[in-house]
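Participant: Spelled out, the chains give:
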Amino acid sequence: MSSRIPCRTEAIVLKTLDYGESDLIVTFYTREYGKIRGIAKGARRSKKRFVNALEPFSCSAINFSRKNPDHLDFIEGCDVAFHFQEIRSDLEKTLIASYFLDLIDQFTPEHKKSEASFQLLYDFLVLLEKKKTSASLLHLFELRLLRIAGYDPVLDGCISCRQPLNAGRGYRFDSVRGGVICSGCKPSDADAIPVSLGTVKTLLMGKEMEIENLGRLLFTAQAAEESRRILSHFIRHILGHELKSLRVLNEINRLQR
Amino acid sequence: MSGYAIPIKNLIAEFSKFPGIGEKTAARLANHVLRSSGEEVRVFTESLLDVKRKIRFCSVCFNLAEGERCDVCADSRRDQSTICVVEDPDSLIAIEASGEYRGVYHVLHGVISPLDGIGPDRLKIAELLERVARQPVQEVILATNPDTSGESTALLISRLLRERNVKVSRIAFGVPMGGDLRYTDKMTLARSLEFRRTA
Ligand SMILES: [Zn+2]
Ligand SMILES: [Zn+2]
Chain A
1 MSSRIPCRTE AIVLKTLDYG ESDLIVTFYT REYGKIRGIA KGARRSKKRF
51 VNALEPFSCS AINFSRKNPD HLDFIEGCDV AFHFQEIRSD LEKTLIASYF
101 LDLIDQFTPE HKKSEASFQL LYDFLVLLEK KKTSASLLHL FELRLLRIAG
151 YDPVLDGCIS CRQPLNAGRG YRFDSVRGGV ICSGCKPSDA DAIPVSLGTV
201 KTLLMGKEME IENLGRLLFT AQAAEESRRI LSHFIRHILG HELKSLRVLN
251 EINRLQR
Chain B
1 MSGYAIPIKN LIAEFSKFPG IGEKTAARLA NHVLRSSGEE VRVFTESLLD
51 VKRKIRFCSV CFNLAEGERC DVCADSRRDQ STICVVEDPD SLIAIEASGE
101 YRGVYHVLHG VISPLDGIGP DRLKIAELLE RVARQPVQEV ILATNPDTSG
151 ESTALLISRL LRERNVKVSR IAFGVPMGGD LRYTDKMTLA RSLEFRRTA
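Chains as they are written, first to last, in the numbering used here: chain A, 1 to 257; chain B, 1 to 199.
Watch out, some of these pointers could steer you wrong.
[Claimed, not checked] In the DSSO-like style, the derived pairs of lysine-lysine whose C-alpha atoms are separated by at most 27 Å in a straight line are: (1) B:124 / A:15; (2) A:130 / A:15; (3) B:24 / A:67; (4) A:41 / A:112; (5) B:24 / A:41; (6) A:41 / A:131; (7) A:201 / A:130; (8) A:131 / A:207; (9) A:132 / A:244; (10) A:132 / A:41; (11) A:244 / B:124; (12) A:67 / A:112; (13) A:244 / B:17; (14) A:244 / A:15; (15) A:130 / A:244; (16) A:207 / A:130; (17) B:54 / B:24; (18) B:17 / A:15; (19) B:52 / A:41; (20) A:67 / A:15.
Derived by calculation from the structure, the hints in this document are not laboratory data.
The following block holds chain A by itself, in its conformation from the complex (with noise of 0.2 Å):
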């Protein structure tokens, strides 16, 4: 029998699935090793092990054993560090995280270490967590993991002619291109979307800013309104589908209005 390895990280819950009788199958963003997946044996049944350490966006020191990367690593306990209460007892908080979730699933792939995205991942929630929810702290995560990811967004100044933003002239934001395209150029993208030169600057300090600063920085309606649009296309765009959280937060924020 070939030997595991014994391996201890800082986590984030992503995902879990229901596996045979008693088992779950965890999927966690790791600060040492990347995005994960791992078996919990009788993680279903057994409630003392695992007590409260499965569920979506906790934040726990686990330890695993691992044979060699196409296998399934072994979940053998984990010790909770933060379970976000504030987010669990709130929908739309919940709704919010449960997209982070899905967006740092999305763009990374398994076993590829990002300290950068666990740490961005790990301070979004404890901002979501102490913080009112405003638009700003989605569109803020969605820019940075773009970043992160390679597909940083061109905000400070046209993507084509590279002109700087200039108040002279309209933007549009060109997902095939990936930036602002100002209105003396013609954009790739059939479907570019308008934006105001005041949401760009939002963005581009938002892009900036320091993550304790962050909760300071308020988005006006329409910038909140614009940001979504020109996000959710990118990104859209970039991933070829629409992320299934996006969906369930938009039906919502729909039925409660």
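For this one, chain A is given, so just place chain B with the ligands on it according to the hints.
Facilitator: Then chain B with the ligands, alone, in the frame of chain A:
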């Protein structure tokens, strides 16, 4: 699976589709069928077909039913003004087994699960709102599981019922977070119902 004759292979493949059944267990089940008498197999296939032919959803609460209404809804001794909302028929059976509950039910047939794309449209939530609007209901008890999905579903329903003239309560968490009603003992379930709180 190599070495098996094709009809056995097919049967193993069918058993493997059942939840929690791996290929080894499926092969064991197929072998059991092989050793059973023709009559035993006939009774088994008939009962499979019966489930599909005779069982449907109760027109009131969406519990499994043999007729138009399920046994609970058809029972005149049950308090029709108290509705207990559950995820699935298994949860309903678990609460019935506690013997503590005298009201009726509403079965959602799922819970909100954003990452699986399951939103309120896929659940019997609109039907619940309709039911509350149509008949005199005094209390709705939210008995979805105390995990992330069950909690989100309860939060949504309680918000949607806020404007209605009805008391909305959540079962008390004698059941641990991340738990599952199917694996909870009767006493904990009974206590959960007794100590429910307003949501
Ligand atoms: Zn230009
Ligand atoms: Zn019924």
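Participant: Report the numbers of all earlier hints that the structure fails to satisfy, in ascending order.
Facilitator: Violated: hints 6, 10, 17 and 19.
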